[in-house]
Amino acid sequence: MSILSRLFARSRKARITIGILGAPNAGKTTLANRISNECGNGEPLGVVSPVPHETRDCKALEHCVISDHNGSLDLTIVDTPGITTSIDYREFQQHGLSRQESIQRAKEATRGVIKAIQSLDKMDAAIVVVDAARAPFDQINWTVIGNLEARKIPIIVAANKSDLADADPELVKETFQSDIIPISAKNGSGMNELYGSILSVSGM
Amino acid sequence: MDLHINFVTEKTTRKMNSTQKCDFIISRLKTDCVLVFEGGLNPEEEAALIEETMIQIDHQEFLGYKILNPTPLRMSGLFSRKNLKMTVIAPHNYDHLSIALV
Ligand SMILES: Nc1nc2c(ncn2[C@@H]2O[C@H](COP(=O)(O)OP(=O)(O)OP(=O)(O)O)[C@@H](O)[C@H]2O)c(=O)[nH]1
Ligand SMILES: [Mg+2]
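Which chain is which? The protein sequence lines are F and Z, in order.
Those letters in the first sequence? Residues 19 to 222, by the working numbering.
Those letters in the second sequence? Residues 2 to 103, by the working numbering.
These aren't lab readings, by the way, just hints derived from the structure by calculation.
Predicted model only: the values in this text are computed from it and were never measured.
Every residue gets a Cβ at the ideal spot worked out from N, C-alpha and C, and that includes glycine.
It is possible that some hints are incorrect.
To be verified - Straight-line distance between alpha carbons at most 35 Å, and here's what the computed DSBU-like set of lysine-lysine pairs gives:
hint, chain 1, residue 1, chain 2, residue 2
1, Z, Lys67, F, Lys125
2, F, Lys140, Z, Lys67
3, Z, Lys16, F, Lys204
4, F, Lys77, F, Lys133
5, F, Lys77, F, Lys204
6, Z, Lys22, F, Lys204
7, Z, Lys86, F, Lys133
8, F, Lys204, F, Lys191
9, F, Lys170, Z, Lys16
10, F, Lys191, F, Lys170
11, F, Lys133, Z, Lys12
12, Z, Lys16, Z, Lys31
13, Z, Lys22, Z, Lys86
14, F, Lys140, Z, Lys31
15, Z, Lys12, Z, Lys86
Stated by the list, open to error - Label pairs and their computed distance ranges (CB to CB):
hint, chain 1, residue 1, chain 2, residue 2, range
16, Z, Leu4, F, His81, 45 to 55 Å
17, Z, Lys12, F, Glu61, 49 to 59 Å
18, F, Pro154, Z, Lys12, 27 to 37 Å
19, Z, Thr10, F, Ser85, 53 to 63 Å
20, F, Lys133, Z, Gln21, 37 to 47 Å
21, Z, Glu39, F, Pro154, 18 to 28 Å
22, Z, Asn94, F, Arg129, 39 to 49 Å
23, F, Arg129, Z, Thr32, 23 to 33 Å
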């Protein structure tokens with residue numbers, strides 16, 4: 019790309035909204051909080067929890083700035099509820115919630131899934147977070163990737179939890195047939211590659 | 002539990018719009034039926050089905066569904082989901098049912 023067209027691309031899209039999408043428990047909020055911590059004002063986007071459907075509403079944080087030698091990009095990162103095809107309140111009871119709390123959480127979770135699906139239309143780019151330690155990978159990732167592709171939204175597939183012994187980033191790559199970035203949202207490995215990839219899909 | 006499997010041909014789904022397809026699927030899931038779609042569902046139809054399912058989950062009887070697409074034991078480009086023109090949908094508690102491409 020010529021210097022002129024790079025500058026043009028930058029001035030045109032120097033601010034982008036990037037969605038963090040995927041199945042419940044994939045590590046989306048952990049990643050959003052890390053990006054905020056490393057590039058934003060450090061304000062966490064949400065609570066991280068081993069109980070699925072912890073995030074039940076979309077949450078945006080503006081002005082997370084990442085840069086390379088070409089310049090900088092002002093990101094609005096959007097953490098979204100995990101997308102799924104079924105919600106069984108009894109799963110929450112197994113995590114120690116009462117029946118009443120579990121049903122309440124399940125009701126909020128169903129609304130959260132709808133919000134996550136509807137958020138797809140508002141993104142300029144998306145990071146699809148896959149739990150690389152849980153093969154076979156959630157089928158929902160196909161639905162998410164397919165819908166982003168249909169909307170021509172650039173996608174980065176992050177193979178998360180690569181710090182775990184069971185993680186198989188190569189299988190994530192083979193399964194989804196796309197370039198992937200192995201990361202650990204928890205300990206921070208792969209984040210520079212991820213930022214590089216965000217800059218490159220944003221036309222920088 | 003009796004296992005009911007419905008093969009849904011492209012001829013059947015061709016005439017349906019997205020809402021009709023969702024109603025068709027969810028009403029059968031509620032009677033514990035596994036559905037195999039010839040030609041598969043496209044991503045937008047899958048998203049519409051998720052939204053409608055989330056509206057209809059009642060936290061008693063109907064808790065959603067699982068996609069049980071056949072997966073080959075070893076992935077290769079030829080058998081990737083992109084090339085697989087088939088979608089298998091089962092009630093949420095059919096996790097134990099495994100379908101493989103051999
Ligand atoms: N080992 C490891 N664990 C991780 C990593 N990222 C997230 N986790 C753990 O995975 C669990 C879920 O993390 P969250 O960030 O809450 O996941 P989420 O995708 O936001 O989940 P929902 O909001 O429920 O959709 C937590 O127990 C995290 O500590 C990682 O890179 N490595
Ligand atoms: Mg979350």
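Now the hints, each set against the structure:
1. Between Lys67/Z and Lys125/F the CA atoms are separated by roughly 18 Å; this keeps the pair inside 35 Å, and the hint holds.
2. For the suggested pair Lys140/F and Lys67/Z, the alpha carbons sit about 27 Å apart, so the restraint of at most 35 Å is met.
3. Between Lys16/Z and Lys204/F, the direct Cα distance comes to roughly 48 Å. Violation of the 35 Å bound is thereby established for this hinted pair.
4. For the proposed pair Lys77/F and Lys133/F, the alpha carbon gap of about 11 Å is at most 35 Å, so the pair holds.
5. About 20 Å separates the Cα atoms of Lys77/F and Lys204/F, which keeps this hinted pair within 35 Å; it holds.
6. For the hint linking Lys22/Z to Lys204/F, the alpha-carbon distance of about 41 Å lies beyond 35 Å, and the restraint is violated.
7. Distance check on the hinted pair: Lys86/Z and Lys133/F sit about 28 Å apart at the alpha-carbon level, within 35 Å; holds.
8. Distance hint between Lys204/F and Lys191/F is fulfilled; the C-alpha atoms sit about 21 Å from each other, no more than 35 Å.
9. A C-alpha spacing of about 27 Å is found between Lys170/F and Lys16/Z, which places the hinted pair at or below 35 Å, so the restraint holds.
10. The suggested pairing of Lys191/F with Lys170/F holds, with an alpha-carbon distance near 20 Å, which does not exceed 35 Å.
11. Straight-line distance between C-alpha atoms of Lys133/F and Lys12/Z comes to about 33 Å, which keeps the hinted pair within the 35 Å bound.
12. Of the pairs offered as hints, the one joining Lys16/Z and Lys31/Z holds, with about 22 Å between alpha carbons and a cut-off of 35 Å not exceeded.
13. The straight-line distance between the Cα atoms of Lys22/Z and Lys86/Z is roughly 17 Å, inside the 35 Å bound, and the hint therefore holds.
14. A C-alpha spacing of about 33 Å is found between Lys140/F and Lys31/Z, which places the hinted pair at or below 35 Å, so the restraint holds.
15. For the given pair, Lys12/Z sits about 14 Å from Lys86/Z by alpha-carbon distance, which is consistent with the 35 Å threshold.
16. As the Cβ distance of Leu4/Z to His81/F is approximately 54 Å, the hint placing it in 45 to 55 Å holds.
17. The hinted range of 49 to 59 Å is satisfied by Lys12/Z and Glu61/F, whose Cβ atoms lie roughly 54 Å apart.
18. The hinted range of 27 to 37 Å is satisfied by Pro154/F and Lys12/Z, whose Cβ atoms lie roughly 31 Å apart.
19. The hint said 53 to 63 Å for the Cβ distance between Thr10/Z and Ser85/F, and at roughly 54 Å that hint holds.
20. Range check, Lys133/F to Gln21/Z: about 25 Å between beta-carbon atoms, so the 37 to 47 Å window is missed.
21. Distance hint check for Glu39/Z and Pro154/F: the Cβ-Cβ separation is about 23 Å, which falls inside the suggested range of 18 to 28 Å.
22. As the Cβ distance of Asn94/Z to Arg129/F is approximately 22 Å, the hint placing it in 39 to 49 Å is violated.
23. Between Arg129/F and Thr32/Z the CB atoms are about 26 Å apart, so this pair conforms to the stated range of 23 to 33 Å.
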